Amino acid sequence: YLVLMLFVLKSFSVTSEIVSHLLQNVTGFMKMLLPSYLAVMVFAGNAMSAMSFYELTFFILYGIEVLIIYVLLPLINLYVLFYLTNCMMKEEVFSKTAELVRDIFSWGAKLVLTIVVGLNVVQGMIAPAVDYASRTTLTKSLSLIPGIGGAAAAIGDIFIGSGMVIKNSVGVAAMFLLIFLSLIPFCKVLIITLLYKCMAAFLEPIADKRIAGAMSGAAHGGEMLMRVITTTVFMVFITVAMMCATTSFVV
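So the sequence shown is numbered by the working numbering: it starts at 6 and just counts up by one.
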């Protein structure tokens with residue numbers, strides 16, 4: 006039993022490393038995207054939104070690096086460790102401890118997601134409105150110039166409209182790249198989790214219940230890892246999507 010449990014624990018640690026590597030790639034991708042996207046936002050007349058997006062994005066990246074990589078992922082590994090240890094015992098000793106660790110993970114994931122969505126909603130209500138007022142003031146001021154006011158306002162509208170098209174194009178491309186970046190690791194974790202589940206279902210009627218329980222515990226851990234991936238990708242995805250949508254006012 007000890008050799009089998011060590012084998013399951015080692016295979017799960019490899020799966021956890023796949024998720025950790027993905028999270029590091031996501032943060033690195035956003036750090037590379039941020040300067041170019043902010044420049045396009047400023048060009049489109051969204052200076053206030055660019056500043057808010059900069060602060061919010063770094064808050065999300067810091068949350069991914071600290072809370073998810075260094076808190077939630079270790080909690081998943083700890084949950085699987087308690088579950089496998091409990092399967093080695095004749096009586097359930099760590100079942101309640103494993104449930105507590107899983108509940109803390111669930112609460113933490115929900116809290117992080119709620120905070121990010123709430124911050125997106127708040128900044129989407131304030132910053133784009135300030136930028137819209139600034140652009141309107143600029144174009145109205147240009148239109149008051151004697152002789153060339155109409156042409157100057159029209160040129161300003163063309164520049165701002167072009168900037169918005171470029172900004173939204175960059176945002177959509179970033180969202181597609183984010184999905185592509187996370188698709189393969191997610192599929193790997195999904196396949197490994199399904200294998201754990203199939204092995205648990207196959208071994209339950211013919212092997213010791215502790216072996217099937219160990220496979221089931223690893224499958225639960227795989228589900229938690231998939232939740233980490235979906236939560237992280239959704240946080241970044243919704244941030245970019247809401248920024249593209251809320252800063253697309255037309256003067």
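Everything labelled a hint here was simulated from the structure, so no lab data went into it. Warning: the hint list may mix true and false statements.
List time: in silico DSS-like cross-link candidates among lysine-lysine, alpha-carbon distance up to 27 angstroms [as the list claims (entries may be wrong)]:
1. Lys15 x Lys214
2. Lys214 x Lys115
3. Lys202 x Lys214
4. Lys36 x Lys115
As the structure is a prediction and not an experimental result, all values here were calculated from the model.
>> With the threshold set at 27 angstroms, check whether the alpha-carbon distance from Lys214 to Lys115 stays at or below it.
In response: violated, 33 angstroms
> Are the Cα positions of Lys202 and Lys214 separated by 27 angstroms at most?
Replying inline: Holds: Lys202 and Lys214 sit about 14 angstroms apart, inside 27 angstroms.
>> Check the hint pairing Lys36 with Lys115 against an upper bound of 27 angstroms on the C-alpha distance.
In response: Between Lys36 and Lys115 the Cα gap is close to 24 angstroms, so the pair holds against 27 angstroms.
> Does Lys15 pair with Lys214 here, judged by a C-alpha cut-off of 27 angstroms?
Replying inline: holds, 20 angstroms
When the structure is compared with the earlier hints, a violation turns up for hint 2 alone.
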